[in-house]
Amino acid sequence: MTLLEVNNIEMQYGHKPFMFKRGRKAPVLQEVTFSLQEGECLGIVGQSGSGKSTLGRIILGIERPTKGEVLFQGINLYEATSKHKKIIRRDLQAVFQNSYHSFNPKQTIFEIIEEPLLNFERFSKTDRQHKVKELLDCVELESTIAQNYPSQLSGGQQQRVNIARALALNPKLIVLDEAISSLDMILQKHIIQLLQTLQKDRQLAYIFISHDLQATRFMSDRVLVMQHGQLVEEIGKDGAYKHLASLELYNAILPSHPRERTINNT
Amino acid sequence: MEKVLEVQDLTVKIGEKNIISSINLTAYKGRVLGIIGESGSGKTMLCHAIMQSLPASAQITQGQIIYQQENLLNVSATKLRTYRGRHLSMIMQNPSIAFDRIQTIESHFRESLKAHFVMTKNEMRQIALDAMDKVNLPNPQQLLHYYPFQLSGGMLQRMMIALSLAIQASVYIADEPTTALDTVNQKQVLTLFHRIRSETEAAIILVTHDIGVIAELADDVAVMYQGEIIEHTNVYDFFDAPQHPYTKKLLQSRILF
Amino acid sequence: MSLLHKERANVKRLFSLTILLIIGLLGLFAPILMSHDPLAVDISKKFLGPTWDYPLGTDHLGRCVFSRLLLGIRYSLGSALVIQIVAILLAILLGAFVALKRGMTDYVFIRICDILLAFPTLVLAFGLLGLLGPSLKNVFIALVFTQFIYYSRLIRSLFIGMNEKGFIQAAKISGTSGIKLIIRHYIPNLLPPIVTIVVLDIGKIILEIAGFSFIGLGVQAPIPEWGMMVSEGKQYIRQHPELMLYPGLAIVFVVLLLNYLASSFKKLDQ
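Sequence order for the protein chains is A, B and C. Mind the numbering: the first sequence is residues 157 to 422 in this note's numbering, read in order. Mind the numbering: the second sequence is residues 6 to 262 in this note's numbering, read in order. Mind the numbering: the third sequence is residues 34 to 303 in this note's numbering, read in order.
Treat the hints loosely; a few may be bogus.
To be verified - Chain A stretches covered by chain B per the calculated footprint, using a threshold of three residues with CB under 8 angstroms from any CB of chain B:
(1) 202-211
(2) 340-346
(3) 358-370
(4) 396-409
Read the hints as simulated data drawn from the structure, not as lab findings. Predicted, not measured: the structure shown is a model, and the values here were computed from it. Glycine included, each C-beta is placed from N, C-alpha and C at the ideal position.
Throw the hints in and build the complete structure from the sequences for me.
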């Protein structure tokens with residue numbers, strides 16, 4: 157079943173002429189079209205400024221595109237009634253990069269993870285406590301951490317809490333925007349393993365946005381390459397790429413051993 | 006191999022707790038020393054300790070930092086200022102905080118150069134343009150008049166390196182210089198460091214958490230774990246014959262991909 | 034910020050808060066603590082010096098100055114407090130609404146504010162009082178109005194500043210919206226700057242109330258508002274300057290204390 161359909165998205169910043177102000181335009185995304193199936197993991201790579209984060213926000217329904225439509229489970233995100241919007245919300249969640257800033261510094265970890273549950277009234281207090289503990293378990297965190305504040309957690313722990321929160325409503329799709337970029341190597345590996353386990357257990361679909369081609373290819377079934385706001389290539393399972401943008405990203409991958417150095421060595 | 010900077014038995018404490026303990030390191034001319042460790046291993050503190058820009062709560066309780074046969078921890082304040090600005094240069098992880106938001110690029114260069122050299126405005130401008138050229142920044146003439154906010158992260162990082170090049174630093178201490186950059190920009194900055202290594206006589210200490218950076222650039226590697234250096238060897242031995250279990254674990258982290 | 038600064042700020046805050054609280058309680062319990070009816074006129078007792086019975090003496094109408102000062106706490110400090118609280122609550126309602134709605138609503142709101150705020154708040158209040166006529170109730174209305182306009186603009190800016198924050202986006206994705214968003218996320222994080230501004234301005238409001246009374250546009254006699262007392266005392270400035278001095282000092286003291294308190298907030302905020 158097609159979970160997500162993105163059709164001809166165009167995004168321009170700036171505004172139309174209004175009263176005495178002249179209009180200004182800055183195109184950020186152009187003619188972006190693709191789709192995603194249930195349980196699939198789609199990667200989106202590109203350099204900074206390629207528009208991938210903006211695309212992520214448009215897919216999540218928090219930024220309206222200038223043109224084009226986003227259909228999630230058949231419902232048009234930006235034309236839906238508020239009832240439908242609420243239904244969509246449950247199934248479409250996100251994990252962002254800067255994990256500390258994704259948290260309200262005045263809330264405890266428990267309150268942070270509990271929030272999605274509170275917004276959908278069905279859960280009683282005991283239900284919620286149970287669910288939060290279960291979620292912390294899923295992301296391999298001790299339940300004692302629930303009393304702490306975000307500032308007391310390490311980067312890796314914060315990111316796990318982010319993931320726990322995203323899982324709270326049992327979504328169908330999680331958009332991960334540079335979710336591992338600010339973590340160090342060993343942590344990146346753990347988080348990726350965690351994400352993969354969760355995907356298998358819950359039949360989740362992911363959209364994995366990153367500038368790291370290696371990690372993205374590892375996580376994803378197929379990878380879309382973006383440059384200057386346009387989708388320039390799709391890299392399938394066979395891994396062949398032709399476009400310059402993809403090659404540039406590929407060449408930027410660091411070697412795994414000094415003998416594979418690409419920068420000429422003395 | 007000529008020694009440029011030597012750290013001997015350096016220990017930094019915050020209160021009673023050791024942040025870094027008994028660190029021994031040597032930086033050689035024309036070589037890159039890669040220091041690898043996780044967040045919290047103390048690598049940033051080490052950089053600050055060498056530059057003596059530690060936060061007020063941290064104290065150097067032991068050790069020496071030898072540069073040009075002097076212990077930097079014992080020199081006078083004026084001498085330290087000379088060394089810090091001119092000879093030792095720190096490249097930080099987050100370039101945007103290293104710049105003064107209300108000064109143009111040109112005035113940043115002027116300020117750095119004025120502090121250590123006597124030159125005319127034109128000479129300073131020429132040096133600035135040369136430096137920006139070396140780091141492959143486009144349109145240096147135009148960039149002189151830009152403010153830091155008009156430059157992207159990658160460009161600012163290269164600008165920081167350009168500033169250090171302009172004052173002809175002998176030791177570069179780069180604290181995770183590419184962590185905040187995307188892969189393509191990262192490659193560019195690492196290429197820069199390679200050029201610095203081969204074209205000047207500077208020694209480079211590069212702190213990172215990324216094995217790939219070590220593989221790409223380092224000549225020597227020191228592994229930091231919980232404030233201590235647990236392995237210190239050349240880059241080939243680091244990859245081919247790791248001794249410490251933590252080093253082995255680090256090397257496994259990229260194998261997944 | 035160093036620990037020493039924080040400690041000093043904490044001491045400042047505790048000190049000023051305690052004294053203000055004491056003053057507040059004194060005002061609250063004034064009727065019980067007063068030795069005499071502050072409104073009781075007894076010409077035979079006018080201009081008495083400080084005695085045990087009349088700790089600060091009496092004024093030109095034989096009323097106990099001390100009792101009047103005590104009751105005055107309610108009118109000077111108490112009114113200012115009420116005005117600020119009402120103004121900030123209304124401002125949060127409007128400011129939050131406009132900040133979250135944005136678009137045309139926001140645009141119109143800012144323009145209206147700009148026009149009104151082109152006048153200093155004091156002048157605006159003056160104008161209103163002139164229109165409405167002098168009385169305690171109208172002082173309330175005028176000052177609440179001017180403070181409300183000023184604060185809603187501020188609150189709107191504060192809220193807009195938070196709009197792009199990561200955790201606000203994250204909360205929206207979790208399904209939080211509207212009032213819940215404001216109560217759970219915006220307000221707790223904006224409380225420090227809001228409280229600082231409100232406290233800092235209480236002093237200003239006290240001065241404004243006093244000022245209006247002094248020139249006859251505010252409360253009317255015989256209400257023992259401190260500014261009023263200063264005004265009534267001005268005829269006797271030569272022979273009995275203490276009639277102006279006591280209420281004047283009271284005003285100065287409380288305003289200084291409030292500014293001291295607000296400055297400690299600022300230090301701790303940073």
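Unmet hints by their number, sorted upward, for this structure: none
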